[in-house]
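S.K.: Read off the chains here:
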Amino acid sequence: MNTRASRLIRYFLISNLLLLVAFPWVGEHFYVGLVMNMMIFGILAMSLDLLIGYTGLVSLGHAAYYGLAGYLLAIISPESEAVSIWLALPFCILGTALAALIIGWFSVRTSGIYFIMITLAFAQMLFYYFNENTDLGGSDGIFIFFKPSVTLGSITLLDLDNHIVFYYFILVCMLLVYFLLRMLLASPFGQVIQGIRANENRTRALGYPTFYYKLVSFVIAGSIGGLAGFLEGMHGGIVSPGHLGWHESGLILMIVILGGMGTLYGPIMGAFAMIFLQDWFQEITVHWMLLMGVFVIAVVLFLPRGIAGLIEDLAAKLDKSVTDSNRPATQKNGESGDG
Amino acid sequence: MPKESRKGFSRRSFLQTTAAAVGATAVGGLMPASFAIGGSSKVRIGILLPYSGTYAMLGNSITDAFKLRVQMGDGTIAGREVEYIPIDSEMSVPKAPQNTKKLVDKEKVDFLVGPVHSGIAAVMAKLVGPREGPIMIVPNAGSNAVTGPLCADNIFRTSFSNWQPAFPGGKVMADDGHKTAITIAWKYAAGMQMMDAGKSAFEQNGGKVIKDIQVPFPNVEFQANLSEIAALKPDAVFAFFSGGGAVKFVKDYAAAGLKDKIPLYGPGFLTEGVSKAQGAAAEGIRTTLHYSGDLENSANQAFRRAYDKAYGKMPNVFSVQGYDAAALIINAMTQVGGDSGATGDLINAMSGAKFPDSPRGAWHMSAAHNPVQNIYLREVRGGKQKLLGIAAKDLEDPAKGCKMA
Amino acid sequence: MMTFFIQLLNSIQYGFLLFLVASGLTLVFGIMGIINLAHGAFFMFGAYLVYWLTGVVDNYFVGILLGLPIMLVMGYVIERLAIARLYQRDHLYQVLLTYGLILILNELQKILWGSDFYSVPVPAVLDGSIALTETQAYPVYRLFISVVCMLVAAGMYVVIARTRLGMIIRAGSVNREMVQSLGININRFYAIVFSAGAALAAFAGMIGAPVSSVYPGMGDQILIISFVVVVIGGIGSVKGAFVGAMIIGLADTFGKVLIPDFASMAVYATMALILMWRPQGLFGRA
Amino acid sequence: MTAELILETRDLTRTFGALVAVDKVSLQFRRGQVHAIIGPNGAGKTTFINLLSSDIDTSFGSIHFNGQDITDLPPDKVSRLGIGRSYQKTNIFPEFSCLQNCWLGAQSRLPTSMRFVRPARLYDEVREHADKALRDCGLYQRRNTVAAHMSYGEQRQLEIGMMLATNPQLLLLDEPLAGMGQEESFEIIELLKKLAEDHTLILIEHDMDAVFSIAQQLTVMVNGQVLETGSVEQIRNSKAVHEAYLGEDEDES
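Just so you know, the sequences run in chain order Y, B, X and C.
Each residue of the first sequence is one higher than the one before, starting from 1 at the first, in the numbering used here.
Each residue of the second sequence is one higher than the one before, starting from 1001 at the first, in the numbering used here.
Each residue of the third sequence is one higher than the one before, starting from 2001 at the first, in the numbering used here.
Each residue of the fourth sequence is one higher than the one before, starting from 3001 at the first, in the numbering used here.
None of these hints come from the bench; they were simulated from the model.
Treat each hint with caution, since some may be false.
Simulated crosslink set (EDC-like; lysine to aspartate or glutamate; CA at most 20 Å straight-line) [unchecked claim]:
hint, chain 1, residue 1, chain 2, residue 2
1, B, LYS1179, B, ASP1064
2, B, LYS1106, Y, ASP279
3, C, LYS3089, C, ASP3207
4, B, LYS1276, X, ASP2220
5, B, LYS1384, B, GLU1296
6, B, LYS1261, B, ASP1175
7, B, LYS1276, X, ASP2058
8, B, LYS1261, X, ASP2116
9, C, LYS3077, Y, GLU200
10, B, LYS1101, Y, GLU28
11, C, LYS3194, C, ASP3136
12, B, LYS1108, Y, GLU28
13, B, LYS1313, B, GLU1081
14, B, LYS1067, X, ASP2116
15, B, LYS1067, B, ASP1357
16, X, LYS2110, Y, GLU283
17, B, LYS1403, Y, ASP159
18, B, LYS1106, B, ASP1074
19, B, LYS1384, X, ASP2116
20, B, LYS1233, B, ASP1260
21, B, LYS1108, Y, GLU200
22, B, LYS1276, X, ASP2116
23, C, LYS3194, C, GLU3175
24, C, LYS3024, C, GLU3228
25, B, LYS1108, Y, ASP279
What the simulated footprint calls covered on chain X by chain B, stretch by stretch (three residues with Cβ under 8 Å from a Cβ of chain B suffice, anywhere in the stretch; the number is not a length) [stated by the list, open to error]:
hint, stretch
26, 2061-2074
27, 2103-2116
28, 2207-2215
All C-beta atoms in this analysis are idealised placements derived from N, C-alpha and C, irrespective of residue type, glycine included.
With the hints as extra help, turn the sequences into a complete structure.
M.R.: Shown next as structure tokens:
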């Protein structure tokens, strides 16, 4: 892809971002809430994309970190007042990072479908742990009654109970995660994990202890998944074993593939598309699963690189037609990709 | 109140007094304070029930009977046409907040009917309870907490609390002369609450539970547990499973040769709506429930005829719960002249509601908004529920933890 | 002691049933490299088909005989229409596609048979039980299941070890080009394998229907546990699936009896331990 | 014969089940020399190289690099000690550009790549190394081309470039000429000659002309064992080698 096409994509993304910024002022209350869900899933999907699309590790247990963070938030939230976010957020993220470190330590030795299954196994163990732990609500789950407070001294910096403030809080988190991951991918560390995805043995032979790089990537992805779970805990106000079930892990995986793995922005779009369609198909017909199934299969067959691939193709086509009509010579290929 | 939901729900009292304001702020000024009023607009009924997966049968039974009850009147609710907005809950707690908000915030329903899953019930109650929202009618989820610590002005239940059908079952088992028993259920909220209730009644009446088997939910491979039962040889077994699990457990129990040696008891869900699938294996199982198909009151006869005519099959207890959910709404709406915006009056009407002629017999609403109802003793004979008598008359849930009770 | 023996019997019997479901899954993965999430849905379809057909023809065995060709055709058509387009692509797309298939098959089941629970009566000839202790009997039908599973296992062993088809299967799971160089139409071969896998899953559903019951969503649970079996055994290894099924049968049964508080985790903990020890499964190729 | 020892194997053995692929190989490699290993297919040459680079585990015996026992080190450690290798079957990052391929090699010489903030492209020392490797292997002009889009010969060059980017002392080259045309081979041979000026090379190669034109030392392996080892002249004149190997080889090719 040439630089002009990638610039087109950048414009497209920025205009989408502007729509997101404006949305709370024009959207219905319910849809503002729905978009919050989408953004949370966008964060979750990006974190999984770091594993699938950039490190080559397909995890089918990623919801474990999402749900675990929710449980940690429920545990640290006191009975009758809001917990400080300065306490809750590090607690939840470090907690999930620790879990990811332990699970990753055992998992990243395996690869391919064995990795898929061992991550699933650990997630299922967590699922059953919470499902049967009656102190934490058992199968019904446990409430998070108060959103953590964002205060400095006695000054309230952000009132997260305000629908709109919370919306922007999530949006900023999503953007931070996006740019954090972009930074990671551009760093020396990012080069190594992308090498692992392309050819792990060669990467090791070049002198990288790939185990540790995969493990660090796994922990980072788990921590960001934890951030998503933290936000969902605040947003939904409940965390249940269902949050860490394999259905949820499968959904995230679908979102990443649907959006286009290895693009970061694709999974965000995948999250928006998947959640929107789930909502919309349900309104159309009681047989909504049929529509969803047909849609998923159609994506696989006709959009091989997911939504991001479609966008790239469109941008390339648009660029070509513009170039063809305006300039006699087609632009020369520059450096590939969009840093 | 079993211990499992204590931490989750005990904060509720604080929530009610203090956080109502928080909830109201959260929705800002975006929510209208009252709902559509007038005889011309339709009454909007939001339904959040499972329509896919293992529990779809429950969702369909409830919804069908709800609609049937409306049709058995004049097809309206207090003169207003009815619009149904059903959402498939997928039995998913993670999706519950969004689904509830959709019905409340977007669809602006007048009444919220659901759910089956007690975790979803808790979410709905939390979202609906603390504010001037639609009135919520629970047509199944039996979690004791819904009309216990979570109880609220605008939350009503037309089904049962898990305690209700299970407690008399334990007594029946003791009255039948059994001294020792094993309880077995799935290890999830409903199963554990029912086993607790059955066990305490059995032991209050001189029995002894020698083992409490909890099967991982929703595992349906029971052989290992059946062998344990066979080895321990209790006088009786008290079991709770429902749906596919109930079919499989009852059949496995019979196939393992236990049926004729160790009688099986349980809350009525063990055989309700599934006895046809269980076939001969279910013969002779005694269960207690707030409904029996062969109740002879005329309301039940009429209901069963109409249901058969409309859907080509016989109703079950879930249908009755859906039927009464509609009856509760119609009754109250009629009293307030169809003004669905008159939330306070509607709540008053529902709180004092008495139903002398429900298919399940007479029942009325308790202070905690749970039915005070007969629990019947039934036995499966010839593939059908046979009513043996009333196991507990006008049984009221203890409603532990409810401020209104 | 007797109890231990009975629990062992339970484990093995459950293991046999798991093997029947998992064998089709491992075959399809080993030969075609397809991670088929719809395997559980095929299992469910088998159960519904035998319920329906037994009702129509009033004979369970005839019901199975009529149902299997339907599943073979269904598997064949799905492979030709959808799966066949994905062989060149990453495994993940197969995962996504078969996930879509689950949604469609679940919905089809709902449309065709509704959401009620059904059961299939145990055929009269097998409807008895053998007393093991004074309280417990063992149903003849469960023994019949074990015998059928053993026959299937033996049949698969013979086919794979002794026949030309088996040779192709063994070769194909190692080296695709080699199969082509043998002059075999690989496309047709894949279609046959996939439809055989679908039929095996459905057959397991059919055989199991009389002891379980037939209900929506019954495929979901079996899917995950079959994957556990396949992965423990080593993907693509039928022998591994057999051993894996027995291990899971034991872990599940004795987990429930010995550590009831952690029973649900026992199966997954077993799998995690085995994979830590042998990352490629017991009989998998590294 | 006086040059210092850089690598030594003692009774190095690797078995695959019943098959002994490398059987008690004890060899010495001296700094600055080109040491070629020849032998028929299946002689265990590639297995031997894989053992040296730690790509596979040793069954028995030991490997010493600059006096240090490296037998049980993982391949990444071996690489970081200064042993680079290329593969018989092209083993590159196909979806990366040439620069990115070499970049990964060069970056591996940073004390650690667990660096998360500063963009990799700002590491000038890495860029210099990568560029040098690209120049040395003759692909500087193609630096932004995606590897998968290049010809087979260029990919073989890149294979060597990636190895060079890691700045190794000792190069393990597994059939660098495999599958190449005459002209391409010539270029690679020139490249190897240039590399031999300041590196130690261990080379597996079937092309005898190439071997004789570059190597100073030769080892002949047959059935996993060392048949003969010595200077090129010694091997040329060895009767045993002629009978066992060189004669056959001429018939074959």
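S.K.: Now look at each hint and say whether the structure bears it out.
M.R.: Checked hints:
1. B:LYS1179 to B:ASP1064: Given that 20 Å is the threshold and the Cα spacing comes to 42 Å, the pair is violated.
2. B:LYS1106 to Y:ASP279: holds (12 Å)
3. C:LYS3089 to C:ASP3207: It holds: about 16 Å lies between the C-alpha atoms, which stays within 20 Å.
4. B:LYS1276 to X:ASP2220: violated (24 Å)
5. B:LYS1384 to B:GLU1296: With a Cα-Cα distance of about 15 Å, the restraint between B:LYS1384 and B:GLU1296 holds, given a limit of 20 Å.
6. B:LYS1261 to B:ASP1175: Satisfied, since the Cα-Cα distance of roughly 18 Å is no more than 20 Å.
7. B:LYS1276 to X:ASP2058: holds (17 Å)
8. B:LYS1261 to X:ASP2116: violated (30 Å)
9. C:LYS3077 to Y:GLU200: Distance ~15 Å between C:LYS3077 and Y:GLU200 Cα, so the pair holds.
10. B:LYS1101 to Y:GLU28: holds (12 Å)
11. C:LYS3194 to C:ASP3136: holds (9 Å)
12. B:LYS1108 to Y:GLU28: Roughly 12 Å between the alpha carbons, so the hint for B:LYS1108 and Y:GLU28 holds.
13. B:LYS1313 to B:GLU1081: violated (27 Å)
14. B:LYS1067 to X:ASP2116: With a Cα-Cα distance of about 19 Å, the restraint between B:LYS1067 and X:ASP2116 holds, given a limit of 20 Å.
15. B:LYS1067 to B:ASP1357: Roughly 18 Å separates the two Cα atoms, so the pair holds.
16. X:LYS2110 to Y:GLU283: holds (18 Å)
17. B:LYS1403 to Y:ASP159: Not satisfied, since the Cα-Cα distance of roughly 30 Å exceeds 20 Å.
18. B:LYS1106 to B:ASP1074: It is violated: about 28 Å lies between the C-alpha atoms, which goes past 20 Å.
19. B:LYS1384 to X:ASP2116: Cα-Cα ~17 Å, so holds.
20. B:LYS1233 to B:ASP1260: holds (12 Å)
21. B:LYS1108 to Y:GLU200: It is violated: about 54 Å lies between the C-alpha atoms, which goes past 20 Å.
22. B:LYS1276 to X:ASP2116: Cα-Cα ~10 Å, so holds.
23. C:LYS3194 to C:GLU3175: Cα-Cα ~17 Å, so holds.
24. C:LYS3024 to C:GLU3228: Holds. C:LYS3024 to C:GLU3228 sits at ~13 Å (cutoff 20 Å).
25. B:LYS1108 to Y:ASP279: holds (16 Å)
26. 2061-2074: violated (count 0)
27. 2103-2116: holds (count 6)
28. 2207-2215: holds (count 5)
Against the hints set out earlier in the document, violations occur for numbers 1, 4, 8, 13, 17, 18, 21, 26.
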